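**Student:** Residues per chain are reported as follows:
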Amino acid sequence: MAARPIVEARGIHKHFGSHHVLKGVDLALAERELAFVIGPSGSGKSTLLRCLNRLEEPSSGSVVVDGVDMLDPRTDLNHARQRIGMVFQSFNLYPHMTALGNVTLALRKVAGKTREEADAVGRTALDRVGLADRAGHTPGQLSGGQQQRVAIARAIALEPRVMLFDEPTSSLDPELVGSVLGVMRDLRESGMAMVVVSHEMGFARNAADRVLFMDQGLIVEEGTPSQIFEAPAQERTRSFIGQIQKH
Amino acid sequence: MSAWDRFLEAFFNPVVMSRYLPDILKGTLLTIELAALIIVSGLALGLALALLRSFGFRPLNLLIIFVVDLFRALPPLVIIVFIYFGLPAVGLSPSGFVSTWLSLMFVLMAFSEEIYWAGITSIPKGQWEAARSTGLTYGHALMSVVLPQALRLTIPPLTNRTIAITKGTALASVVAVGEILGMASSAVSNSYNPSPLTMGAVAYLILFLPMVVFGRYLETRMAWKR
Numbered sequence: 001m002a003a004r005p006i007v008e009a010r011g012i013h014k015h016f017g018s019h020h021v022l023k024g025v026d027l028a029l030a031e032r033e034l035a036f037v038i039g040p041s042g043s044g045k046s047t048l049l050r051c052l053n054r055l056e057e058p059s060s061g062s063v064v065v066d067g068v069d070m071l072d073p074r075t076d077l078n079h080a081r082q083r084i085g086m087v088f089q090s091f092n093l094y095p096h097m098t099a100l101g102n103v104t105l106a107l108r109k110v111a112g113k114t115r116e117e118a119d120a121v122g123r124t125a126l127d128r129v130g131l132a133d134r135a136g137h138t139p140g141q142l143s144g145g146q147q148q149r150v151a152i153a154r155a156i157a158l159e160p161r162v163m164l165f166d167e168p169t170s171s172l173d174p175e176l177v178g179s180v181l182g183v184m185r186d187l188r189e190s191g192m193a194m195v196v197v198s199h200e201m202g203f204a205r206n207a208a209d210r211v212l213f214m215d216q217g218l219i220v221e222e223g224t225p226s227q228i229f230e231a232p233a234q235e236r237t238r239s240f241i242g243q244i245q246k247h
Numbered sequence: 248m249s250a251w252d253r254f255l256e257a258f259f260n261p262v263v264m265s266r267y268l269p270d271i272l273k274g275t276l277l278t279i280e281l282a283a284l285i286i287v288s289g290l291a292l293g294l295a296l297a298l299l300r301s302f303g304f305r306p307l308n309l310l311i312i313f314v315v316d317l318f319r320a321l322p323p324l325v326i327i328v329f330i331y332f333g334l335p336a337v338g339l340s341p342s343g344f345v346s347t348w349l350s351l352m353f354v355l356m357a358f359s360e361e362i363y364w365a366g367i368t369s370i371p372k373g374q375w376e377a378a379r380s381t382g383l384t385y386g387h388a389l390m391s392v393v394l395p396q397a398l399r400l401t402i403p404p405l406t407n408r409t410i411a412i413t414k415g416t417a418l419a420s421v422v423a424v425g426e427i428l429g430m431a432s433s434a435v436s437n438s439y440n441p442s443p444l445t446m447g448a449v450a451y452l453i454l455f456l457p458m459v460v461f462g463r464y465l466e467t468r469m470a471w472k473r
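The listed protein sequences correspond, in order, to chains Z and S. The first sequence maps to residues 1 to 247 in the working numbering. The second sequence maps to residues 248 to 473 in the working numbering.
No lab work stands behind these hints, which were simulated from the structure alone. Values in this document were obtained by computation on a predicted structure and should not be read as measured data. Honestly, I wouldn't trust all of these hints.
Sample of chain Z residues facing chain S (criterion: CB under 8 angstroms; computed from the structure) [claimed, not checked]:
1) 75
2) 78
3) 81
4) 82
5) 92
6) 94
7) 95
8) 106
9) 154
10) 158
Glycine included, each C-beta is placed from N, C-alpha and C at the ideal position.
Excised from the complex, chain Z in its bound form (with noise of 0.2 angstroms):
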């Protein structure tokens, strides 16, 4: 039986001024599927990942995230965005709190927990990432590594059905890179959706079910991991992956 796809994109269009962007990108995620996305950067990949949780605002084209239509203007888009966690490149913890003041702070306000549930919560979801003993620790005080995961946990602790992660590592010095990688491998062994922007191109060969390859706001190519590394068809995909095996 084929399920529902957890998130489906269609016709996705974004223009930034004169500046088109996302040319027509059609997106479906299987539940339990990790689809990774690379490209060059300015192919839109990032865009393509803020449309599917509403950060930009498509130009025009469908989102609908686990049955909710995220464009219509009846859905309400907060309640919507708990089943969809994001994590971002530079983290963007909030520096005045502990790591689980950041986790809990959606728990209390937007899902509606007293404090002592959503510390339970977010101990948990500390623990998950393994930093159950950094709880009270501020972002100044972690590593990036650590301020990563904190940004995972935050994201996990809601529960949510689908997980966007872009570029989770490409701030990290790279033996810090590892411990987020094993973070994100776990999540995905749990069975969690995950949408990877990323450039790590190993984690992308054990761990993705599908890679997508964008390039000037279209998705050129996708398929297997050992499809678009060994054998790509296009000729695009070809010189992108040339380019980044040469480092």
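Given the coordinates of chain Z, work out where chain S should sit on it, guided by the hints.
**Tutor:** Same frame as chain Z, now just chain S:
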């Protein structure tokens, strides 16, 4: 009588000083009352305007910017005189105390709004995005995430600006308010001796020097840790 003696006689005359000390103290209390009213109401109104402005409702924002620029451009004394001598023409007769309070309140409101606003806009967009992506409403993101960080940034400039404007309470002497300078001036006229002005200056120092020092302390303590 030497020049030194004449100087002491003029500015440190013990007889005149002891006679007018109670007046200066009364004036000091009035200055404190006036300053407290200006600070509380001015800073609260400034914050309210900055919060309203953050909703990005264009016609309202143009109005806020117009009002704020108006009160930043006008000399405070002009506003005081306008309210005190102008409003009676339309049947309102605010006292000198109220005229000064309202005037400096508006001036502090205007300057503090700009400072709060600068603080709010200096918070990186990613903070808003992270908050909104977890389902926080605009209001929650503003009040729980952005404003606490913005306020911390604004404390040093806000302290300095508050001191600068609150010193303007001396202008109230022009509209017959018995605050420090008013009391000192009338004591000078009555005693034909400027010693009360010395006491007035000392009173201002006692009131404002701690605030200046406190402002400097905040500036170093609140410096953003990077």
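**Student:** Taking the hints in turn, state whether each one holds.
**Tutor:** We went through each hint and held it up to the structure:
no.: 1; hint: 75; verdict: 12 angstroms, violated
no.: 2; hint: 78; verdict: 4 angstroms, holds
no.: 3; hint: 81; verdict: 4 angstroms, holds
no.: 4; hint: 82; verdict: 4 angstroms, holds
no.: 5; hint: 92; verdict: 4 angstroms, holds
no.: 6; hint: 94; verdict: 5 angstroms, holds
no.: 7; hint: 95; verdict: 7 angstroms, holds
no.: 8; hint: 106; verdict: 4 angstroms, holds
no.: 9; hint: 154; verdict: 7 angstroms, holds
no.: 10; hint: 158; verdict: 6 angstroms, holds
In the structure shown, a violation is registered for the earlier hint numbered 1 alone.
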